[in-house]
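Asker: Protein sequence lines correspond, in order, to chains A, B, C, D and E. Heads up: the first sequence begins at 176 in my numbering, then just goes up one per residue. Heads up: the second sequence begins at 2 in my numbering, then just goes up one per residue. Heads up: the third sequence begins at 2 in my numbering, then just goes up one per residue. Heads up: the fourth sequence begins at 2 in my numbering, then just goes up one per residue. Heads up: the fifth sequence begins at 2 in my numbering, then just goes up one per residue.
Hints should not be assumed to be uniformly reliable.
Lysine-lysine pairs mimicking DSS-like chemistry, simulated, CA-CA at most 25 Å apart [stated by the list, open to error]:
{"id": "1", "chain 1": "A", "residue 1": "Lys393", "chain 2": "A", "residue 2": "Lys421"}
{"id": "2", "chain 1": "C", "residue 1": "Lys72", "chain 2": "B", "residue 2": "Lys121"}
{"id": "3", "chain 1": "B", "residue 1": "Lys59", "chain 2": "A", "residue 2": "Lys421"}
{"id": "4", "chain 1": "C", "residue 1": "Lys72", "chain 2": "B", "residue 2": "Lys72"}
{"id": "5", "chain 1": "C", "residue 1": "Lys121", "chain 2": "B", "residue 2": "Lys121"}
{"id": "6", "chain 1": "A", "residue 1": "Lys421", "chain 2": "B", "residue 2": "Lys72"}
Please keep in mind that the hints were generated in silico from the structure rather than gathered at the bench.
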Amino acid sequence: QNRKITVGALRFTSHAGSFVAYENGYFTEAGLDLELKFFQAAQPMAVAIASGDVDFGVTAISGGLISLAQKGAVKVIGGALSEEDGIDGQKILASDAAFQAGLTAPSGLDGKTFGMSTAGSSFHYMGSKIAAAEGVSVTFKPLQKVGAIIGALKSGQIDAWSIVPHIAKPLAGSGAVHIIGNVSDYIPNYQVTTVFTSEKNAAGEADLVKSFLGAYSKGVTDYNSAMIDKAGGEDGINAMVDLLHKYVYADQPLEKAAPGIINGTMRLNEGAALNMTSVEDQLSWFQAEGLVDANITMDILVNPSFVETL
Amino acid sequence: MPETHAQPVPFRGGGFRPVAIRGAGLAVFASLLILTEWGTRSGWISALTLPRPSDVVKTFGELWSTGMLFKHLVPSLTRLVVGASIGVTLGVSTGILIGLFSYVRSGLVPLVAALFPIPKIALLPLFVIWFGIDEGSKYALIAFGTFTPTVVATYGAVDNVDRTLIRMGQSFGMGWFAIVRKIVLPGAMPGILSGLRISLAIGIILLVAAEMLGAEYGIGAYILEAGALYDLERLFAGVVILSALGILVSTVIGAIEKRLLNWRT
Amino acid sequence: MPETHAQPVPFRGGGFRPVAIRGAGLAVFASLLILTEWGTRSGWISALTLPRPSDVVKTFGELWSTGMLFKHLVPSLTRLVVGASIGVTLGVSTGILIGLFSYVRSGLVPLVAALFPIPKIALLPLFVIWFGIDEGSKYALIAFGTFTPTVVATYGAVDNVDRTLIRMGQSFGMGWFAIVRKIVLPGAMPGILSGLRISLAIGIILLVAAEMLGAEYGIGAYILEAGALYDLERLFAGVVILSALGILVSTVIGAIEKRLLNWRT
Amino acid sequence: MDLRVEGLSHAYDGMAVLDGIDLDIATGRILCLVGPSGCGKSTLLRIIGGLERPVSGQVMQLGTPPEGCLNPLTYVFQDFALLPWRSVAGNVRLGLEAHGLPEARMAEIVSDVLARTNLSDFAEALPKQLSGGMKQRVAIARALAVNPAVMLLDEPLSALDAQTRELLMEDLVSLWTRAPFTAVYVTHNLAEAVRLGHSIAVLSRRPGRIREIVHIDKPLADRIHMDAELESTQEHLWNLMREEARAADAELLNA
Amino acid sequence: MDLRVEGLSHAYDGMAVLDGIDLDIATGRILCLVGPSGCGKSTLLRIIGGLERPVSGQVMQLGTPPEGCLNPLTYVFQDFALLPWRSVAGNVRLGLEAHGLPEARMAEIVSDVLARTNLSDFAEALPKQLSGGMKQRVAIARALAVNPAVMLLDEPLSALDAQTRELLMEDLVSLWTRAPFTAVYVTHNLAEAVRLGHSIAVLSRRPGRIREIVHIDKPLADRIHMDAELESTQEHLWNLMREEARAADAELLNA
Ligand SMILES: Nc1ncnc2c1ncn2[C@@H]1O[C@H](COP(=O)(O)OP(=O)(O)OP(=O)(O)O)[C@@H](O)[C@H]1O
Ligand SMILES: Nc1ncnc2c1ncn2[C@@H]1O[C@H](COP(=O)(O)OP(=O)(O)OP(=O)(O)O)[C@@H](O)[C@H]1O
Ligand SMILES: [Mg+2]
Ligand SMILES: [Mg+2]
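The whole structure should be built from the sequences, with the hints applied where relevant.
Answerer: Next comes the structure, spelled out in structure tokens:
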């Protein structure tokens, strides 16, 4: 009998590793009876791991995740998505109004407003790093929901934002916003999302974690090779889009969904390798901002024993 | 001779008693819809501001024809029914105890007053820890949201039960339980039912908050997703469903009142 | 001879009239706090489930000593006051019109009934477009949330004004406006004030929703940030503030009622 | 100023309530209306006072109201209809406020009328502090304040207990004796009717028709207990009405 | 079964309401209690019925209740106290349900008692469909159903209009004539008291003391209008009470 586990996911291509591994039966092969649980946002997913409702999840490192790690509830065990030169990554957007007024490059961000969901979110981190790198100061507007941020950006009520390409590109296409830069120019090798699990699993169920990561990594490999290395050519991409369409933009017809899925392509970490430098940078940024306790160390946040670290 | 000055007594009564005018409500809805439709078509209402009503109807039609409507409605209704049942049952029981016992009253009324203004969405992260991300936390959130108003309505209703009726029961030698069952409960029923109107409206409102927590299907989840994608047609379609649900619930309670409380003058 | 059978009449009255017991409410709060403190210290309440009350107090103390308390309170109170003033003013006016005119009543009552069950958070994305992400949308959200319950309470209160009093006014030749000002309004005041209790509680609850939209400071924003960081101490400190705010508002309304409605029996 | 009711009929939603009423209300006299429950007494009084429009027939005002009469047709209601948020004096002022009198004149009228009704000590009391009898005295004071040509009293004493009723009847008699007023006085109580009425109109069951008008010539001040003439009038009235009252009582409402 | 009230005093929050009341309530007779508003009549009745505990003194039950008496001391309230959600028959059953009677016996009692009070046609009607007089008839039927040793009536007619009051007095007299019951009958209405009471206890203003007990020997059935003896008793009672009633009426409440 296979071991039952629950994996939390958002309906984003960044979670493709789980989807592909599941569809291709890698989890079953690894002796895992996997159930996918979908979330509207990353934050509840972290809490769900803490509550024991979900065994594994993939999400950005946020203040909430670090807090939960500090409370001994969750542990980062691998990398999922990272920025890589040469591959389309997260975009910096400017509203049309701000763009017309001269915000055509991140260097013009001084005194502008920058959208984020909440304080301590990855948007906060990115905006802050960009501003620091350009030596400008921006005001952050917490708007909770991605929808609200988009609305505010479109109507020119905030000036800038950064977001994954599959959301950024259609927005820019409509002319209401403009892409003014790439996040990867400011945060090299940014470990955008990570794989994490509960402290209990990480400490006491090493075998389980290993078999999960093993199966997950196979999915990642398939995805990368089809979408980024284009090993299967056009057909390989189409087959992969077909597969992912079950999970991403499932409520739209395939023709409409496909560009979104393709636009969202980013490289997932092979073997769930984790960029420790980036994680450490993020942790110290959160601490410097006073969003999380200054006593938290990398040991508390990360268990690096399962994957290759960079 | 006085006949020369005869004049009818002037009329000075009437008014202050609004009567129902058939179709006025419908007319208001219709004209609002037509106005928006025309405004969005002619362009002076931008597509960002309001969706075109006909597009909302179309979206609704798609929801219906793809069967997604029920896929979303059924879990939401289940959550509403289960959560509200728990909240209302506990609320009515607590309210009756508060209405009857000095210690319960003095101990719990301030607690309920303190719980009332707590926004349920603020507690979402805790609910996940307490009740999990599955149906449990959704039931709990709706139960919690319906509990406090039900308690307040119920003990108010028990307070309003005519004390002469209770003294009458005692004067006929009725026992404590018989008095509660035959006098207090039926006497409090009108107040409890009208409290239920409010509680259930709050329950419907909380569906959206509840379905923020890992719900795939459900009207609330549908609305949240539409909001996240800034898809106004779907957002409004969802809101219309909730609104219709609210009117439905209120109609059902009205019907129950008519049946159960036909003794009211 | 009958004296041999003399016996006092048995007592069978009393009860069913709860009295206030001083300190019971406080005792309940205190024991809940002590229980949680002890539970969290001894470990059978995990740190994930509930914060330690003493830590919440400490957080509160920090809020106070750093002056952040007022930095958060002042914008929230401003939003509450401005938003609720708009909502309540519009609500009372609309409610009175509904209570007095057949056409307004028939046209607007169904509309209000349809607006009531709409969850305000579902409309957040729209409010951003309609009213911006600055104070405008926060005022609007709170105004909208307090509007509907005020309307319902007000027209109910106007309906409940004793019609004999109005006829009396007419029989003394009072004009329409005089009747509304001297009879309808004061007569509806008790109902309007008790509706205000509910509206303002809803207003406080909506602070959190309102401050989802680009608020840097505010109790709601503070709570949301604490929730996002899973910082239970701050989350609870914020919730306690809202709860205290709710009790404060209700006390103030109670005091106003005592002053303004001292004519009630 | 006399009033004349001419061929008055009224119906609510097709249900006939009053049928062909003719009545003369003479200046300076009290006309009592008695009749079983629901026969339309209150409706008739509302129509006389211009608060309701009859389906057919009319109420005519003969002559002009006397000088200084602010509100020719003034009501006293069964349930007092005092504004609970106004003091006794404030309630009495209410009827005056609509007439643009100067402040001093109003204060003068109020204090005068409170004195006449022995209410001066209670000017600042709120209605909730008053017994039923006092409340109705305030309502009477309020009516007197506007110096009405005709007072319309709808069971003014029936919400009071028997002893208070007795006291107020004495008050009304002494008020009328000092300064006779015109009144239409609706009541169920035959003892009241024979005590206060110069004439008594007996209505039939719904739809109300006038069955008989009884005149009592004895001056109000002389009508005391154990008066054989009044007793026999009362007995006569009761015999006229007993069966109708029983039938009216046993009728199912909203059936 | 007789009742004896012995040295009874009562106070609410230190305010004396009853002071040293001694009374004998004899089987088969009606004792009327009259007195000004607020003098403690209702309080006294509640204490007699065991619904309130006196501060001092006691109410003794002398002898045992007769066979078949389900509820020795049974009330009839001023405002009827009918359960609005129960039909007439259901309300009458209410008093029986506490006594574990078999269903058939209950139905029998209910239909018997409804017949005695001429309510058989209304068995299924709801209170809201009834006039005040009918409601009070139902309350009386409910009291009769439990076959009380003593009926305690607290102003049973004062919420009714004068004509209905007249009708119900006739009903009570005929009920008593057919099967005499024991009753304590509280009223403000001296006409009721002299019509229904075998003896009449007059209470003083608050704190209520017994001022006088008047006995009327004339049989109930023979008491008719224009009876000089009754009139003079009533006059006597009214003279006893007038000033007190006036003072009680002019008292400020909650002042
Ligand atoms: N506004 C109304 N609409 C419909 N029916 C009414 C209205 N007012 C009174 N009625 C009905 O008209 C009839 C006469 O009512 P009215 O109040 O005039 O009787 P009444 O003689 O004053 O009765 P009572 O002695 O009980 O005061 C009753 O059957 C009553 O139900
Ligand atoms: N439960 C109570 N608590 C405090 N005071 C009370 C209570 N019941 C009655 N009283 C007061 O006791 C006094 C006597 O009341 P009670 O009702 O017995 O008088 P009553 O003679 O029946 O008056 P009425 O003729 O108005 O019915 C009144 O002053 C009343 O306000
Ligand atoms: Mg009437
Ligand atoms: Mg009493």
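Asker: Against the 25 Å threshold, does the CA-CA distance of Lys421(A) and Lys72(B) hold or violate the hint?
Answerer: 17 Å, holds
Asker: Quickly compare the C-alpha distance for Lys72(C) and Lys121(B) to 25 Å and report which way the hint goes.
Answerer: The hint holds at about 23 Å.
Asker: Take the C-alpha atoms of Lys121(C) and Lys121(B), compute the straight-line distance between them, and say whether it is at most 25 Å.
Answerer: 13 Å, holds
Asker: Just to be careful, I want the Cα atoms of Lys393(A) and Lys421(A) compared with a cutoff of 25 Å; is the pair within it?
Answerer: 19 Å, holds
Asker: Between Lys72(C) and Lys72(B), does the CA-CA distance stay at or below 25 Å?
Answerer: 45 Å, violated
Asker: Taking 25 Å as the top limit, are the C-alpha atoms of Lys59(B) and Lys421(A) close enough?
Answerer: Since the Cα atoms of Lys59(B) and Lys421(A) sit roughly 24 Å apart, the hinted pair holds (cutoff 25 Å).
This entry does not satisfy hint 4, going by the numbered hints stated previously; all others are met.
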